[in-house]
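Trainee: Chains as they are written, first to last, in this note's numbering: chain A, 570 to 1062; chain B, 570 to 1062.
Calculated directly from the structure, the hints in this document are not laboratory data. Just so we're clear, the structure is a prediction, and the values are computed from it rather than from any experiment. Some hints could be false.
Same chains, same names: a pair is fine if it fits in one copy or spans any two.
Said to hold, decoys possible - When the alpha-carbon atoms are kept at most 25 Å apart in a straight line, the in silico SDA-like pairs for lysine to any residue are as follows:
#1 K582 x L1048
#2 K862 x Y740
#3 K606 x K901
#4 K901 x L663
#5 K735 x K846
#6 K646 x Q917
#7 K735 x R1006
#8 K731 x T1025
#9 K708 x E1013
#10 K850 x V897
#11 K646 x G714
#12 K742 x R1057
#13 K901 x T661
#14 K822 x L576
#15 K901 x R914
#16 K735 x S887
#17 K999 x G607
#18 K846 x A631
#19 K645 x Y894
#20 K806 x T997
#21 K738 x L888
#22 K645 x M919
#23 K1016 x P664
#24 K645 x K742
Number of protein chains: 2
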Amino acid sequence: MLEKADLKVKCSKEEYENIEEGLLERIGCLQRRLREKGIPVIILFDGWHASLRGRVISSVLAGLDPRGFRVRSAAKKNACTEGLPYLTRFWTELPAQGSIAIYNNSWYYGLFEDKADSAKKSEGAELKVHAEDVNVFEKQLADGGYLLIKIFLHISQERQEKNLEKLEKTYGKDWHKIDGNHVKEKEYELRYEIYDETIEATDKRKAKWHVIPAEDLQVAQREAFGVICREIETALKDERTDENHRLQEDAKKVPDVLSGFDLSLNVSKDEYKEELKEYQKKLQKLQFQLAKKDIAAIIAFEGWDASGKGGAIRRLTSLLDPVGYRVVPIGKPTETELQHHYLWRFWQAMPFPGEITIFDRTWYGRVLVERVESLVKEQEWRRAYREINETEELWRREGIVLIKFWLQIDKEQQMARFRDRENTPSKTWKITEEDWRNRSRWEEYEKAVNEMLFRTSTDVAPWVVVEANDKYHARLKVLKTVADEFERALAKP
Amino acid sequence: MLEKADLKVKCSKEEYENIEEGLLERIGCLQRRLREKGIPVIILFDGWHASLRGRVISSVLAGLDPRGFRVRSAAKKNACTEGLPYLTRFWTELPAQGSIAIYNNSWYYGLFEDKADSAKKSEGAELKVHAEDVNVFEKQLADGGYLLIKIFLHISQERQEKNLEKLEKTYGKDWHKIDGNHVKEKEYELRYEIYDETIEATDKRKAKWHVIPAEDLQVAQREAFGVICREIETALKDERTDENHRLQEDAKKVPDVLSGFDLSLNVSKDEYKEELKEYQKKLQKLQFQLAKKDIAAIIAFEGWDASGKGGAIRRLTSLLDPVGYRVVPIGKPTETELQHHYLWRFWQAMPFPGEITIFDRTWYGRVLVERVESLVKEQEWRRAYREINETEELWRREGIVLIKFWLQIDKEQQMARFRDRENTPSKTWKITEEDWRNRSRWEEYEKAVNEMLFRTSTDVAPWVVVEANDKYHARLKVLKTVADEFERALAKP
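Take the sequences, apply the hints, and build the full model.
Mentor: The structure is reproduced here in C-alpha cells:
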C-alpha cells in the first residue's frame, strides 16, 4: 500500500496558513458532536522514524478541547502494565465515550519495530504481538462502537535523512535518545517491506489504514486533518447497520449441558474438615511456588445467587498470602465503566506475574444478566461468546492459568438458602429484592447458563461445573481443582 | 513504646476458635455500617519481619465482604508510581468512602526498613521519606475524614528466630526471596531502637499506634480484631467536633494583593508574533533538555472565566512534543473523585521524570469555587491553605518544577469577551449559564482570589499574576515565565 502514496504533492506554508483556521474550527466542532453522541475515538499515528508525527499531531491538537483527548506513545513504557500481556496496556488506556485517544506510535510499534529488529537478528526474536491478535483486538473495538482511525506517515529515504539531519541540528547529537527510538534507519528497504506487509495484513473494513505522504509537512498536516474529519463525519452519520443475518445460524439448538450433573454429591463434616485443612495448606505452598516462577492465575467464579461463591472463595484464600491474591467482585458497572468497552474493567484487574486474581462474578455477565435483563441487544451478547473465547485464548497463550467455576444448585436448594438468610439476623443483609427478581427468571437464566457453558467451554479454557447443593462437596471440589491446575502449571517446563 | 507490649500473654487455639465466629460477625457488621456512613478506612500492619502479619491479616479478611477492601504491600513495588515522590503511591491508592485499604507493610516501610538499612551503611543513605512528611500526610488524611488504624506486630528475638525457621521449613530455603523482604534480622537490637523511635515520632492524636504482642499468633489475631473493631466503633460514633476556635485568627485582614497589577500592559501584534515564535522554539528545546535530565514540571493555570487560560496553554504547547506533556483540565469532580480526598485526583496526574503536566484549573478550586459556592465548610477550605502549601513544598523538595499562574482581567474586559463569545457562532459553545452566574459573584471571588494569593504564595511556590486584559501580553508573559523557570531548573547542578 505504501507505493500508492504520492510523495510529490506540495503545499506551501502560506497555502497551509490560509486553510488552518478553517481546519481547526472544523475539527473542534466535530469533537463537540462526538461528545454529544458519546462516540469514543482512537487515532493512531504510525510511520517512519523522523516523519515528523509529533508536528502533525500538534497541529491537530491545536483544534481540540483538551478536556476530551489524551496523547500517548507505545514507544514509551507504561510501567503500570509492565509484565502483562502486550495488549493489556491498550485495553486499560481505552478512551471513554466521547473522548479521543491519540497515539504517536500505537500498538503497531510491537509489529513494525519489533519485526524489523527481529528480522535483523539471525535467529529472529519472538514477537510480543502478532498481526492476527491486532486484527482481533481492532474488530472487538469496532464492534464495541469505537471509531478507529489509523494513519501511517510515509516518507522517502532521502527525506528521512534530511529530517534526521535537521533534528540533530536542533537538538544536538543525542536527540534520538529521548523516546527510545534510536536511529537505526540504515535499513530503509528492509523496513519498507515490513511496514508494507503489515499494513496489508491489518487493513480491515472497520480498521482501514490511511497512508499519508509526509514528504512535505504541510501536506501531511492537511491530509491528516482531512482523513480524521472525514472519518468522524462518517461515524456521526452512521446508523450502525447491525449484522443480524448470522443470528439465525448462531441460535441453533443448544444441548442441555447442566442436567448432566449429580447434585446429590456430598461430603461428611469430618471428611470435609480434614480435607479442607489439607488442601488449604497445599494451596499455601503452591501459591508460593507460582510466585517464584512468576506464573499469573485468574480464577473466575460464576453461579446462581446463594450458590456459595463467597464461601468457596473464603475457604480458597484463607491461608494464602493476602498480598499475592486479590478478590475482584463484579457488580453493576460504575458510571465510568459504562463509558467503556464491556471487557475494559476486566483488563484493569489482570494479575501480575506471580499473582492471583479471583473474580467473584465475571465478564460472563454479558451473556447472563445482561442477556436475560435485555440490557444489551441480542447481537451484542451473541458476539460476546466469540469475543470472550478470543480473550481467554489470548490470556492462556500468555501463560496465565485460567480456571472457570460454575456453581450449580437447584431451585429448591436456592429457596432453602434464601429462607435461611431471611430468618437469620446476621444474614439478612445478604438477601435483597434483586435476588428474588432473579429467581423469578430461573428458566431464562437456565437457558442462558446452558448456552454459555456450551459456547465458551473451549479446549484452553473449559468450564468446571461444581455440584453445589452440598457446600462441603462444592468447596472441596473448588480447592482440589485449583490445586490440580496450579500443579499442572508448575509441572510445565 | 515497644516495651509496653506484654509478650507473655497466651491464647490457645481452642480459646481462639471459640471466639472466632463472634469476631468475624462483629467486623462484618461494622464494615456494613462504615459503608452506610461512607467512612474510608486505612489499616496499616507493620512490624517485625516474620511476625506473621499475613496470617493476622487473613484472619481479619475472613470476616470482611471482599466488595469493600483491598490488600496492598509497600514491600512490593507499585510500578505505576515508580519514579514519582514516595507518597504518590499511597495517595493514588487511597480507598473510596466506605472502603477499607489494608497494608501489609505500609508507608512506614520507607521509614522502618530504609532507616535500618541506611544505619548499617557507614555513610547513612538518603531516606525516601521522613517522619515529618508522614505526620503531615496522616494529618491531611485524618482531617479529610479517613479513619487510620496503625498496628505494629511486636515479637521477641527468640520468637523471630523460631518463626523464621518454621517458614523455612514450610517453603524451603529460598522462601524469603518472595516479597523482597530479605532476612537481615541479625540486627534485632538496632532495629528495635529504630522501630521504637519512629513509632514514638509518629504517634499522633488522630494517628495513634497500636503495638500488639504477636509472640502468640492467636493473641495477635484477637488483639488485632479488638483494636480494629474499637477504632471503627469510635469513628462511627464520632460527631466530628470541628476546630472552629482558630478560625478567628486565620480570618485576619488580607491585604489587597490583586490591585497592584497594571492591566493596561499590552504588546503590538507584530512584536507578539515575532516573540511568540521565538519563545515557542526556545521551549521546544528546553522541553527536550528537561526530558534528558529527567526533570518533571507542573504548570498550574488559574484565572477568571474568559481570562485566556486555554489560549495561553495552546500557545505554550504548540511546538512541544505531544508525548512529553499532558493537559489536565479540572472540572466538576466525578462520582469517584467525590468519594476521595480532594487532593487525590491531582496526585493521580503527577508528571513522571522528564514530563510536564499542565493543569487547566487546579487544586485551588478548594479555596475558590468550593469556598464561594459553599460546597465545603469554612474550616475545610481554611485548612486547605496549609494543606496546599505542605503539598507544594513536598513536590518542590522532590525537584519538581512548579509554576502557578493567575490570569487577571477586570470586570469590563470579561464582559467584552462574554459578549464576543455570544455573538460569534463558532464560540457560543464556550459561554454557559455558569459563566454568568460566576460573574454575578465577582466580588466574592475577588475576595477569595486575594486571600489565595496572599496565603499560598510561598518562597518555594510563588504565584505569578499575569496581566491578561491584553491577550498578547498575557501569552508572552506565560511563555517567558515558563522558559525562565525551565532554564533555572536546568542550571541547577
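Trainee: None of the hints should be skipped; say for each whether it holds.
Mentor: Status of each hint after checking the structure:
{"no.": "1", "hint": "K582 x L1048", "in the structure": "between (69 Å within a copy, 24 Å between copies)"}
{"no.": "2", "hint": "K862 x Y740", "in the structure": "between (44 Å within a copy, 14 Å between copies)"}
{"no.": "3", "hint": "K606 x K901", "in the structure": "both (23 Å within a copy, 21 Å between copies)"}
{"no.": "4", "hint": "K901 x L663", "in the structure": "both (20 Å within a copy, 22 Å between copies)"}
{"no.": "5", "hint": "K735 x K846", "in the structure": "between (70 Å within a copy, 18 Å between copies)"}
{"no.": "6", "hint": "K646 x Q917", "in the structure": "both (17 Å within a copy, 18 Å between copies)"}
{"no.": "7", "hint": "K735 x R1006", "in the structure": "neither (69 Å within a copy, 51 Å between copies)"}
{"no.": "8", "hint": "K731 x T1025", "in the structure": "neither (54 Å within a copy, 49 Å between copies)"}
{"no.": "9", "hint": "K708 x E1013", "in the structure": "neither (30 Å within a copy, 53 Å between copies)"}
{"no.": "10", "hint": "K850 x V897", "in the structure": "within (23 Å within a copy, 49 Å between copies)"}
{"no.": "11", "hint": "K646 x G714", "in the structure": "neither (27 Å within a copy, 36 Å between copies)"}
{"no.": "12", "hint": "K742 x R1057", "in the structure": "between (53 Å within a copy, 23 Å between copies)"}
{"no.": "13", "hint": "K901 x T661", "in the structure": "both (19 Å within a copy, 23 Å between copies)"}
{"no.": "14", "hint": "K822 x L576", "in the structure": "neither (56 Å within a copy, 68 Å between copies)"}
{"no.": "15", "hint": "K901 x R914", "in the structure": "both (12 Å within a copy, 23 Å between copies)"}
{"no.": "16", "hint": "K735 x S887", "in the structure": "between (62 Å within a copy, 19 Å between copies)"}
{"no.": "17", "hint": "K999 x G607", "in the structure": "between (36 Å within a copy, 19 Å between copies)"}
{"no.": "18", "hint": "K846 x A631", "in the structure": "between (64 Å within a copy, 15 Å between copies)"}
{"no.": "19", "hint": "K645 x Y894", "in the structure": "between (29 Å within a copy, 13 Å between copies)"}
{"no.": "20", "hint": "K806 x T997", "in the structure": "between (51 Å within a copy, 24 Å between copies)"}
{"no.": "21", "hint": "K738 x L888", "in the structure": "between (62 Å within a copy, 16 Å between copies)"}
{"no.": "22", "hint": "K645 x M919", "in the structure": "both (21 Å within a copy, 17 Å between copies)"}
{"no.": "23", "hint": "K1016 x P664", "in the structure": "neither (34 Å within a copy, 39 Å between copies)"}
{"no.": "24", "hint": "K645 x K742", "in the structure": "within (20 Å within a copy, 38 Å between copies)"}
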